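The primary structure of each chain is shown beneath.
There are 4 protein chains.
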Amino acid sequence: MILRFLPGTPEEQVQQVRERLISEGCRVHRSGEGARAILAAVDPPAEALLKELASRPDVERVERPRYPEVLASAAFRDAPSVVRLGQVEIGRSTPSPVLIAGPCGVESAEQVGESARFAAAAGAGVLRGGAYKPRSSPYAFQGLGVEGLRLLKRAGQSVGLPVVTEILDADQLPAFLEHGIDCAQVGARNMQNTSLLKAIARSGLPVLLKRGLAATLEEWLLAAEYLLAHGTTELILCERGIRTFETATRFTLDLTILPVLAERTHLPIAVDPSHAAGKAHLVPALARAAVAAGADALAIEMHPRPVEARSDGPQALLPGELMQLAGEARALGAIVR
Amino acid sequence: MILRFLPGTPEEQVQQVRERLISEGCRVHRSGEGARAILAAVDPPAEALLKELASRPDVERVERPRYPEVLASAAFRDAPSVVRLGQVEIGRSTPSPVLIAGPCGVESAEQVGESARFAAAAGAGVLRGGAYKPRSSPYAFQGLGVEGLRLLKRAGQSVGLPVVTEILDADQLPAFLEHGIDCAQVGARNMQNTSLLKAIARSGLPVLLKRGLAATLEEWLLAAEYLLAHGTTELILCERGIRTFETATRFTLDLTILPVLAERTHLPIAVDPSHAAGKAHLVPALARAAVAAGADALAIEMHPRPVEARSDGPQALLPGELMQLAGEARALGAIVR
Amino acid sequence: MILRFLPGTPEEQVQQVRERLISEGCRVHRSGEGARAILAAVDPPAEALLKELASRPDVERVERPRYPEVLASAAFRDAPSVVRLGQVEIGRSTPSPVLIAGPCGVESAEQVGESARFAAAAGAGVLRGGAYKPRSSPYAFQGLGVEGLRLLKRAGQSVGLPVVTEILDADQLPAFLEHGIDCAQVGARNMQNTSLLKAIARSGLPVLLKRGLAATLEEWLLAAEYLLAHGTTELILCERGIRTFETATRFTLDLTILPVLAERTHLPIAVDPSHAAGKAHLVPALARAAVAAGADALAIEMHPRPVEARSDGPQALLPGELMQLAGEARALGAIVR
Amino acid sequence: MILRFLPGTPEEQVQQVRERLISEGCRVHRSGEGARAILAAVDPPAEALLKELASRPDVERVERPRYPEVLASAAFRDAPSVVRLGQVEIGRSTPSPVLIAGPCGVESAEQVGESARFAAAAGAGVLRGGAYKPRSSPYAFQGLGVEGLRLLKRAGQSVGLPVVTEILDADQLPAFLEHGIDCAQVGARNMQNTSLLKAIARSGLPVLLKRGLAATLEEWLLAAEYLLAHGTTELILCERGIRTFETATRFTLDLTILPVLAERTHLPIAVDPSHAAGKAHLVPALARAAVAAGADALAIEMHPRPVEARSDGPQALLPGELMQLAGEARALGAIVR
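Protein chains in written order, with our numbering: chain A, 30 to 366; chain B, 30 to 366; chain C, 30 to 366; chain D, 30 to 366.
Hints listed in this document are in silico derivations from the structure and should not be mistaken for laboratory results.
Certain hints may be false.
One-sided excerpt, in silico: chain D residues whose CB lies under 7 Å from chain C [stated by the list, open to error]:
1. Ile51
2. Ala243
3. Thr245
4. Glu248
5. Asp283
6. Ala305
7. Gly307
8. Ala314
9. Gly362
10. Ala363
Every value quoted in this text rests on a predicted model; they were computed, and no experiment measured them.
Glycine is no exception: its CB is placed at the ideal position from the N, C-alpha and C atoms.
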């Protein structure tokens with residue numbers, strides 16, 4: 030159940046209703062610190078209580094969510110939410126989509142440092158890079174681990190950018206916190222790893238939640254709901270291509286889902302065209318399409334020297350290509366946002 | 030095999046090579062009436078002949094196509110091809126994508142006439158509308174048939190627009206020709222109806238070839254190859270959404286394939302976001318994304334009064350929405366084309 | 030609407046109801062020549078008429094179909110239907126599934142004659158073989174055409190087996206009838222070619238309707254409904270593998286759908302494991318699984334000398350392999366049927 | 030690289046080669062404690078060393094695996110492997126597939142105890158039941174946790190059956206070991222949770238590895254490879270349905286993959302028809318098909334009173350239905366194994 034108070038309802042009355050719901054055994058969440066308070070009870074209260082609350086003079090509307098997600102639903106916020114990573118804001122209200130750029134994997138201080146400078150020069154708002162790599166084969170490069178976290182953060186700091194990197198295991202959380210990682214990425218393969226989701230949520234870290242390869246919109250939003258229900262407050266969704274019958278491209282970027290997401294959730298939406306395309310020369314067209322479809326952020330892989338990359342080199346943009354793409358994204362953003 | 034002559038090679042020499050290939054039993058096609066002649070032999074000639082031809086001083090390059098399509102391949106043209114429907118050109122060289130707009134089905138003189146006026150006012154280049162409707166159920170509205178062709182053409186003429194409509198059976202070809210239909214649409218369900226493809230190709234009608242619901246890129250291009258091999262010279266491909274596991278949208282518009290198509294074929298590419306979305310309010314975002322991904326044309330369903338539509342009303346734009354979308358498409362085209 | 034009379038209701042009363050429905054504008058179909066008459070009105074009559082009919086003393090039950098198909102629904106028959114091709118019966122009541130065997134394509138009198146003898150020796154009930162081949166590429170072998178029909182029928186007659194072969198175009202119907210083809214196969218690519226379906230239905234030929242590569246259960250049953258609504262009386266469905274993300278096999282044989290079909294339709298169900306597998310050594314396991322899941326017939330490709338086959342050789346069983354498979358299918362049938 | 034010694038090669042010589050490979054920096058695994066030793070080096074050694082080893086008189090064959098998996102490949106074993114859980118053996122050599130039966134979730138001592146008695150009476154070899162439930166929604170029943178492990182094990186012991194249950198987090202491993210859980214199930218959603226795979230592998234627990242909803246054959250075998258490379262010695266694969274476009278069933282059971290698996294891996298293969306079907310009355314046909322396709326084990330959900338089940342009740346068989354299915358599976362096994 031989602032209950033919207035009239036704007037300006039005194040906090041005391043909001044707390045009164047909140048306590049009433051809790052006393053009836055509901056788990057209650059609250060949004061809207063500003064003008065309008067909204068309460069969500071994830072266990073729907075009894076019909077009689079619902080009617081009673083709906084008839085209060087300070088309540089604008091009480092509604093049952095049409096979908097199983099509650100805290101992730103658009104109805105739980107008065108406006109699309111804005112996520113802050115360091116000084117950067119990501120959300121529907123920004124004038125252009127935020128560029129999240131960097132190498133697939135952190136390989137050395139030099140490589141990630143160079144990447145950071147190029148990313149910053151292109152106007153990126155966030156630096157990305159993998160320290161723990163999820164690989165299909167146990168024999169492939171698994172990342173630099175803690176050392177990768179340290180190098181990534183240092184590179185981000187050197188250019189004043191917050192950093193995002195993938196987390197594979199709750200055991201890695203202390204290192205994420207210790208090294209000041211600004212945002213933990215949950216990869217497609219772990220989207221329904223509910224143990225990991227709960228642990229990250231409790232840590233308070235902002236999260237970039239990638240969509241699973243074959244996750245429906247609803248499963249994805251319920252994975253987001255796991256995070257929100259267990260404590261996450263800064264959350265970005267990231268579409269990265271779904272698995273279909275088509276083998277001419279690595280994955281099929283599901284941009285069709287973007288306008289559906291925009292009406293169903295308040296969460297900001299990022300798109301990662303690099304993993305869907307699998308080839309660098311396809312990335313710009315897909316990135317442009319993502320912006321035009323409404324993406325709030327673009328996650329783009331780049332590498333100062335792609336041919337030397339230890340993973341996913343073929344899909345990494347060169348610094349100059351990133352620069353050009355960033356300009357196009359801003360121009361398109363100016364039209365569609 | 031595709032053989033590119035040096036620019037300026039005299040026609041006589043081109044014909045000499047052409048006849049040589051035919052005498053060896055090859056079926057030969059030719060493109061490039063302008064500066065550079067190109068020949069394609071769909072049955073690869075013997076290795077020795079290939080070498081001999083490659084060593085001719087008037088031959089720039091002889092190559093074996095990397096993919097099974099030959100006439101549809103980018104290598105068979107010196108530049109992306111431009112299709113002319115009436116006065117309208119569709120292709121990568123146009124400054125903005127051409128809008129193909131109109132109702133799902135032709136229902137009455139008034140409805141299609143009104144649609145034509147709204148489409149023209151929005152700047153559409155082509156009027157669309159179904160006279161023969163392919164329906165999943167034998168009990169659903171199957172279209173007005175020949176009368177639909179007549180009404181559509183008349184509506185197109187009244188506003189000076191060429192018309193495109195779906196063909197379901199080779200028996201309908203005489204009526205298409207008699208009523209001056211400018212372009213025959215082959216629907217997703219008939220993409221591999223090779224009998225129909227051959228018959229249309231022999232008629233000489235321009236074709237808009239929709240991708241099958243589960244057709245791979247290669248199967249789609251081979252369906253195009255069927256048309257080209259049997260006589261079609263004006264051909265547009267149209268992506269309209271593929272079938273995936275996701276049920277939140279009717280189909281998943283595969284924009285990921287657009288940059289792949291742009292490098293692999295010379296054919297112009299249209300995108301139909303209406304059928305993928307299934308809901309009108311999702312159409313503009315997908316249409317914008319299609320333009321940004323490189324679409325040369327947009328096929329958009331509209332209806333003067335969607336609630337009265339006999340088929341697919343929920344996905345039809347209102348005239349005002351079409352107008353706004355057309356403006357956005359032009360603005361985006363100016364940036365990305 | 031489906032209306033079941035009490036067993037033994039006099040024909041006169043049945044006709045009375047039938048005429049009443051027709052007079053109200055309904056298209057009415059009838060099944061149950063035996064003990065119990067059943068009427069289906071594909072246009073649902075008015076509520077008042079429904080109630081009136083339901084209250085008749087000779088009517089057992091009036092129901093609205095839960096799904097869009099009517100004539101294909103299980104409710105329209107008192108028992109699963111049995112299809113007769115020549116002397117052979119195919120349906121749920123047979124003690125073991127009927128084997129439909131033969132080469133992918135008819136290549137010569139010798140090849141198809143040999144195949145027919147091997148098929149008969151293995152206990153096959155129907156001989157199959159393609160005269161018109163639907164090929165993805167316009168440059169691949171397209172079949173022997175009319176000559177193929179003649180050779181196939183002669184081979185079938187020489188061993189006393191009815192024959193089934195694919196039809197690609199309504200223009201081929203006269204030749205099918207002239208050469209006494211016992212059953213027309215509609216291939217996966219033409220499952221929604223409604224013009225072809227209607228033409229075949231009017232010819233009265235029995236039909237084997239393959240499922241489209243990406244056709245849902247409902248679309249498949251509606252394609253069957255097209256045939257039944259336009260005159261087909263002998264109809265077999267054939268599952269042949271759907272397109273999924275998995276590329277380790279050519280298609281994924283959807284046996285999960287078999288028990289669903291068995292409860293939803295009265296039509297007999299065949300399974301073609303050869304096209305799904307794409308490799309002969311995988312066929313026996315899939316054929317066994319199909320029998321165990323409830324298949325009423327197995328369509329198996331075989332060739333006297335697979336390495337010489339002009340199409341799909343790698344998936345053809347050797348005569349000895351076919352013989353062994355036939356024995357296993359009978360043994361399994363004895364347990365599960 | 031996989032190196033097969035001649036049968037009877039003295040252990041000393043095997044160790045010599047093993048050390049030689051290790052000294053060259055290879056990670057070496059060994060199988061074949063019996064008549065024939067086989068070594069696998071997951072990092073392919075230099076070409077010169079390969080040649081040297083291939084020319085040894087005690088070496089029968091040195092081969093490079095055709096696929097990325099090594100330890101899971103059929104070539105790494107002389108015969109399909111047999112997994113032992115308690116007294117029960119699972120593998121291709123058993124006369125009939127092993128039945129793994131029990132409720133979706135452990136709900137109470139009474140419910141799981143009753144289930145255990147019914148499972149044992151039906152001839153099941155393993156008792157299953159979930160203590161930790163992976164649920165799409167954070168608000169759904171998440172299982173009894175440690176108490177569930179205790180109840181499940183006690184129920185298994187009371188009827189002399191080993192038990193298998195799903196693990197969601199490495200933190201649960203101590204409880205799994207403490208309560209004597211015989212086999213840890215890795216669910217579809219965690220198939221590529223490589224952190225979890227590594228932790229379980231190090232624990233030495235036998236594993237039942239379910240296939241991910243959209244995992245290719247290769248990704249699944251590489252997940253198995255993660256387990257084998259990190260210490261797992263008893264491993265069973267379990268097909269449970271893949272996600273496709275078809276919505277008439279919950280998932281599509283991919284039995285097409287079974288004969289492919291049988292030639293590509295030595296690991297035993299289980300099939301879970303309950304989760305694919307989603308409805309109890311579809312389960313028997315799918316279970317029979319799985320046996321006929323070559324399944325070594327069947328994982329079947331049952332419940333003494335399905336309508337009271339707290340999760341997945343609609344797909345649980347009644348005790349009598351389980352009994353009948355078990356008999357059919359044995360009869361089919363006698364024919365196909």
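Tested hints:
The criterion of a C-beta within 7 Å of any C-beta in chain C is not met by isoleucine 51 of chain D, whose closest approach is roughly 33 Å, and the hint is violated. Checking alanine 243 of chain D against chain C: minimum C-beta separation of about 6 Å stays under 7 Å; hint holds. Taken as an interface hint, threonine 245 of chain D checks out: its beta carbon lies about 6 Å from the nearest beta carbon of chain C, inside 7 Å. About 10 Å separates the beta-carbon of glutamate 248 of chain D from the nearest beta-carbon of chain C, more than 7 Å, and the hint is not met.
Restraint check, aspartate 283 of chain D versus chain C: the minimum CB separation of about 6 Å is within 7 Å; hint holds. The beta carbon of alanine 305 of chain D comes within 6 Å of a beta carbon in chain C, closer than 7 Å, and the hint placing it at the interface holds. Taken as an interface hint, glycine 307 of chain D does not check out: its beta carbon lies about 10 Å from the nearest beta carbon of chain C, beyond 7 Å. Because the smallest distance between the Cβ of alanine 314 of chain D and any Cβ of chain C comes to about 4 Å, under 7 Å, the interface hint for this residue holds.
The criterion of a C-beta within 7 Å of any C-beta in chain C is not met by glycine 362 of chain D, whose closest approach is roughly 11 Å, and the hint is violated. The interface hint given for alanine 363 of chain D is violated, since its Cβ lies 9 Å from the closest Cβ of chain C, which is over the 7 Å cut-off.
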